[in-house]
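Given the structure of chain A, go ahead and fit chains B and C onto it with the hints provided.
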Amino acid sequence: MIPDAARHEWYPVAMLSELAPSFAQDTVLLGERLRISRDAPDLPIRITGPDGARCAVATRYGHLWTSPGGPKAGLFEIPEAAQPGRRFVDCGAVRVRCSPLRAVENFLDVAHFPFVHTDILGAEPHTEVERYDVQVREESDEVWATKVRFFQPMAARSAEGGIVTDYAYRVPTPTVALLYKTCPPRPEERDVIAIFVQPLAEDLCDVWPWMALFDDTTPQADLVQFQQMIFLQDRSILENQIPRLLPLDPGLETPTRADLTSVAYRRWLKKRGYTYGAQTVPA
Amino acid sequence: MAEMSLIDSEMSPGWTAVSLSGDLPALTVMPVTVGGVDLALWRGGSGVARAWQDRCPHRGMRLSHGFVRGDRLTCIYHGWSYGAEGACLRIPAHPDLEPPATIRTIPVACREAGGIVWVASGATADLPPDLTGWAPLRSLTFAADRASVIAALGARDEAGILHTAAGGTDLAVLLQARAADEITAHVLVPETAGLAARIGAVRWLETARRRAEGPGPRGIAA
Amino acid sequence: MTVLLYDHVLSPNCYKARLMARLAGVPLETVAVNAYPGREHLSEESLARNPAGTLPVLVDGDLILTETQAILVYLAQGSRWMGAAGPATAATVQGWLAFSARLTSSLGVARAHDMLRKPADIAAARSEGTLCLREIEARLVEQRLRGQGFLAGADPTIADVACFPHVALAPDGGVTLDPYPAIRLWMRAIRGLDGFIEMPGIHRRHDLTPEPQPAVTA
Chain A
0 MIPDAARHEW YPVAMLSELA PSFAQDTVLL GERLRISRDA PDLPIRITGP
50 DGARCAVATR YGHLWTSPGG PKAGLFEIPE AAQPGRRFVD CGAVRVRCSP
100 LRAVENFLDV AHFPFVHTDI LGAEPHTEVE RYDVQVREES DEVWATKVRF
150 FQPMAARSAE GGIVTDYAYR VPTPTVALLY KTCPPRPEER DVIAIFVQPL
200 AEDLCDVWPW MALFDDTTPQ ADLVQFQQMI FLQDRSILEN QIPRLLPLDP
250 GLETPTRADL TSVAYRRWLK KRGYTYGAQT VPA
Chain B
0 MAEMSLIDSE MSPGWTAVSL SGDLPALTVM PVTVGGVDLA LWRGGSGVAR
50 AWQDRCPHRG MRLSHGFVRG DRLTCIYHGW SYGAEGACLR IPAHPDLEPP
100 ATIRTIPVAC REAGGIVWVA SGATADLPPD LTGWAPLRSL TFAADRASVI
150 AALGARDEAG ILHTAAGGTD LAVLLQARAA DEITAHVLVP ETAGLAARIG
200 AVRWLETARR RAEGPGPRGI AA
Chain C
0 MTVLLYDHVL SPNCYKARLM ARLAGVPLET VAVNAYPGRE HLSEESLARN
50 PAGTLPVLVD GDLILTETQA ILVYLAQGSR WMGAAGPATA ATVQGWLAFS
100 ARLTSSLGVA RAHDMLRKPA DIAAARSEGT LCLREIEARL VEQRLRGQGF
150 LAGADPTIAD VACFPHVALA PDGGVTLDPY PAIRLWMRAI RGLDGFIEMP
200 GIHRRHDLTP EPQPAVTA
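Protein chains in written order, with numbering that gives the first Met the number 0: chain A, 0 to 282; chain B, 0 to 221; chain C, 0 to 217.
Simulated from the structure, these hints should not be mistaken for lab results. Bear in mind that the values here come from a model prediction, so they are computed numbers and not experimental data. Among the hints, erroneous ones may be present.
[What the hints assert, rightly or not] Partner residues aside, some chain B positions facing chain C, computed with beta carbon under 7 Å: (1) LEU26; (2) PRO30; (3) ARG137; (4) SER138.
[Said to hold, decoys possible] Every beta carbon over 12 Å from chain C, so not counted as near; a handful from chain A, in silico: (5) PRO20; (6) ALA23; (7) GLU76; (8) GLY91; (9) HIS125.
In this text, a Cβ means the ideal position worked out from N, Cα and C, and glycines have one as well.
Same shape as in the complex, but just chain A:
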């Protein structure tokens, strides 16, 4: 049984560029089988649940989105996706044997960069996480972390040499996280990097990284592989956290000031009653 709070969120279920003009295929969302189909090239995509009921469909940010219980609101906005000159990069799904919530939480964390993404997103001895701001924005009910600064040896495919990178993080819906970071070729703009997480089960997910960048020169393959390299470095971490489910109650894990985004994310999930992939009772 899928908790109600989870049924009404938006989830990615496919990459649009991978869908043929007409097709029919199955996928799994929150433990239930969904049928995705398009009978002819000029017809809209249809998604049906296990009971045959039609589900909501949105096609944005390079991906196909659905909400099995009917969405509470429209798909979240990424204003940068409408900005002229941005390059959109689909990275394909990577399957991870972990809670979808652990995948999101890891994406919101900078303190692991020197140890997991060594010499790319971080390096000893530059391990300090300075104080940053975290809030749940009332009007949008989103988790935001801003003024996150971290020293990075090679912040992006387009970066040359180490820089202190400025990050902002945003969680618009429980299984989606975006980051905004210093854009080396266009200092006045921010690159947008996202992970769209499709929960297959409480401890299994497909993670779809996606980027909206200002970068006219780097070949597409290099951009994709840079992001895949980063995410695959995280995968062996995510598959080895105990417990597999994300603990929402304090006590089982030990957050510090560097983990304020994680603390806010867990509280926000708990407040919304979003428990799919979460451990709510201390072990």
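Relative to chain A, chains B and C alone:
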């Protein structure tokens, strides 16, 4: 700090062999499982072997994926490092912070004797069995239950040590139950055994394992 | 003339070529191919270079090499990485090169299934992968008894480079490495070699760099 009680686990009381000493060189960490309990077994620069619950108190990452510098075990995820007594000594995200004394790993009794590393459930007054005259050969894991392993080895129990022979070479065997149907055998040969006898024993053990696991899809579970 | 490697960052076989080049000190220029999700390895241009559509592909002037083991031989030729002189060692190295193909079709298949959603008989792939790991473990146990730390001798060769990546990445395909102490020490030795480079899923050895002293920066 009390050592972790494994009484409720499937781990049997007394000492359980979990590794040959030589398979745990200084400055390394390895995962071991005893009766369904996951441990990080590690050896610092000072040479002492230690066993902790395989979980960093910060975010639950397995410590056995970490690394050892000097006499500290460090978590691979965020670099939190823990000293010999299990106290967190460094949180790299906050270099100026002295970690609170409450941040600690959970230790398990661990001793080294006879070229074998042993762990025990709770405090135990007994000593690990005497292995004088024996030299560690290898550890290998069977996808079979304890009875099938003992039968395939043709072993008899003498004071907590299984004895058998591979061809003309006597073997002493110590069993570690990772789970009911996953048994690791730590095997020793007489100190006097030569190279040919030892290699012969290594190969004999492969055959014994095939026998214990029986037929099936190529003989083993996934 | 530059040696070009058509490369994919997630491919263990591509990593073998990059690792071998670094270890042997051969300069290599990599060209990223968007094989996943872009399927560029099956583009007209890629198939013209390699009709099999596999990666890696090494191009050095007129020479095109499309088999990983051949690429390793090319990069290591004339160096100590080919192994000690003599028919026994040469044949042993060849044996493990051939064996590495079994790793690709077992552990590699399991990994592509678990990570990239590639259809497979996952139980069979994992079962065969476990048998392969046991063979390597037994070999390494014997080698240690002989005082030799690597598959084909006391020093590492292309045989070790050919087998190491799929072994190290076995957990990506749901195959545990926990019960193999000799494999663990062998992987540690390889990860400690001068010129070793990592790939995602194979972390570097942080124990080889000293613990940073408390920051002195302002």
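Taking the hints in turn, this is what the structure says about them:
1. LEU26: holds (5 Å)
2. PRO30: Hint on PRO30(B): holds, closest Cβ of chain C at ~5 Å, below 7 Å.
3. ARG137: Holds: closest Cβ of chain C sits about 5 Å from ARG137(B), inside 7 Å.
4. SER138: holds (6 Å)
5. PRO20: holds (16 Å)
6. ALA23: holds (17 Å)
7. GLU76: holds (25 Å)
8. GLY91: Since the minimum Cβ distance to chain C is about 3 Å, GLY91(A) lies within 12 Å and the statement is violated.
9. HIS125: violated (9 Å)
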